[in-house]
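2 protein chains.
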Amino acid sequence: MLQELELPLPNDFHIHLRQGEALVNYAKSAGEQFGLVMAMPNTEPAIDSPELVKKYKEEILAAAPNLQVLLTFKLNKNYTEQELLAMQKNGAVAAKYYPFGVTTNSQDGVSKIEDIYPTIALLEKLDLVLSLHGEEPGVFCLDKEKDFLKHLEKLSKTFPKLRIVLEHVSCVEAVECVKSLPENIAATITVHHLILTLDDIIGDSLRPQNFCKPLPKLPKDRDAVRAAAFSGNKKFFFGSDSAPHALEKKQSLSGAAGVYSAPVAVPILIEEFEKENKLNLLADFVSNFGADFYKIPRQTKKATYVKKEWQVPKTIDGAVPLRAGETLKWS
Amino acid sequence: MLQELELPLPNDFHIHLRQGEALVNYAKSAGEQFGLVMAMPNTEPAIDSPELVKKYKEEILAAAPNLQVLLTFKLNKNYTEQELLAMQKNGAVAAKYYPFGVTTNSQDGVSKIEDIYPTIALLEKLDLVLSLHGEEPGVFCLDKEKDFLKHLEKLSKTFPKLRIVLEHVSCVEAVECVKSLPENIAATITVHHLILTLDDIIGDSLRPQNFCKPLPKLPKDRDAVRAAAFSGNKKFFFGSDSAPHALEKKQSLSGAAGVYSAPVAVPILIEEFEKENKLNLLADFVSNFGADFYKIPRQTKKATYVKKEWQVPKTIDGAVPLRAGETLKWS
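Top line first, the protein sequences correspond to chains A and B.
Just so you know, we're using our numbering here: the first sequence kicks off at 81 and counts up by one.
Just so you know, we're using our numbering here: the second sequence kicks off at 81 and counts up by one.
Chain A with its partners taken away, still in its complex shape (with noise of 0.2 Å):
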């Protein structure tokens, strides 16, 4: 039996590392997770210019000085060519589109994704990634995702050779979405996508520590979730949408929406990478594939993993984690 896994690094390339002191935290624990992170720019105020984009990132390295660090910022405005270049300048690889009010801090988000078409344009000139929260603001929560899906598909349409990657895929419209659509088109897989349902959030007692946007949804979207996953297609790659909340926020009765995933992620993703007898595919999953999609180059480090059982604390860094107090085997 296998008791030991060598992988290079793991990236994420979808993360929340939040702000303030919090940041500290989230960022140095990322930094004993993974080799590289990109951070979301839904902070308060949001990411949005390129002296921003520059002082969050001194602000995670400070914390996390070995951790390789992608920036993004949020498209809640249309930019200048010049504005865009100075992102790029200062280390941002995507532009972050959240459309209005679907998750936390995005009461600041576009209306309309064809009111910032000129700056889409100027994206694909640039080469610089679009990253999407997809779902549709005013509809049933269930179709929110699959509802959005006619945006992206007109995205790819009009800017044919724009990068764009539609983050945390949650149901099986959106796998077949963007499984049909050209290699441009990539898409971010988290861990809690992988492995919950609603039956996680409401199906027993209520559990806020797994409540997030998009929703983990039926049987049959967590299944195609799964098999895009292990499916060895390079389109689809790790993106741990890590979203810690202070366990005040999530026991409320206006509780906020995110999994704190980051501290479990990897050790999730080898048991569930086992389980389905795919271990041989978790390197590309977890590292390559996102690399490549961002022209970056791939870890050349590695990091071993031990077949040894350890309990995910009750809380870290005042936030619960996914699968808190259950017993995981991969350290």
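Heads up, some of the hints might be wrong.
Residues on chain B that point at chain A, a partial pick, calculated with CB under 10 Å [unchecked claim]:
no., residue
1, Leu298
2, Ala336
3, Lys394
These aren't lab readings, by the way, just hints derived from the structure by calculation.
The C-beta atom is built at its ideal place from N, Cα and C for all residues, glycine as well.
With the hints as your guide, set chain B onto chain A.
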């Protein structure tokens, strides 16, 4: 415009009054809202003997002397005919069946309903009602009610004279099933299943105050429940399933299921029936049909409601009521 509405005193054919100190408050509050309540037996310990039925009735009446109280007992084992007669004598009109583990205090539930068929045969003989929490354990949360219907159909065939209530119907399939069965098969409808969907629990932020079993489901399910309530079909009548939990049990990493609706149920019903232009059917839904089904006299006393806005308090008796903080039109 209608400014005043007279209704027979409302009958709530499904309420949780809890126990101990909490019972005193909840029973008092129910006494202000309803002429009659049928109290559910899932206390701890469960109401499952003639003595406990008698004691529970006395406790409720001590807190709310003017309330007419029907009792239930828990179908967590087989009973003798003598025991059932004693239950009946002490005020019980229905036996409540909870499948194993589907809701609050159902860990003593029966795993296989056929195991208690001997008792169900006696219920039929003694003309006691079988009250069902209709959810199948161990299946995906949104399928639990649908997958339970096979048991209802089998019960209806096996015990053709037995009166059965499928409590708190919440999905299209359940509404259709009840309609298709003989007239001794009825269903209660709650206020919250008339107005909520999953959007109100997990659509935006997480709202534990709206989390309950069975889950409010898709818009099409809510619409089917609404159509049944507004149809004038005597098989569908009001049972609030008002199920208060202390705030701290709701704001938890293992949040309790139940909506506290008793203090707002009738005002919301008036609002919804008015919206659908069906106020002429409300007296039957909220009072007469249930009385007829349970073979008790219809209410002769009246209650008068006035169109006067009021704001629902954030908490009532330590629990968050349905529509807390919102404005209702009728009082």
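Results of checking the hints against the structure:
Given the 10 Å rule on beta carbons, the hint for B:Leu298 holds: about 7 Å separates it from the nearest Cβ of chain A. With a least beta-carbon distance of about 7 Å to chain A, the hint placing B:Ala336 at the interface is held under the 10 Å criterion. A distance limit of 10 Å between C-beta atoms decides the matter here; for B:Lys394 the minimum to chain A is near 9 Å, and the interface restraint holds.
Figure legend: structure checked against the earlier numbered hints; every hint is met.
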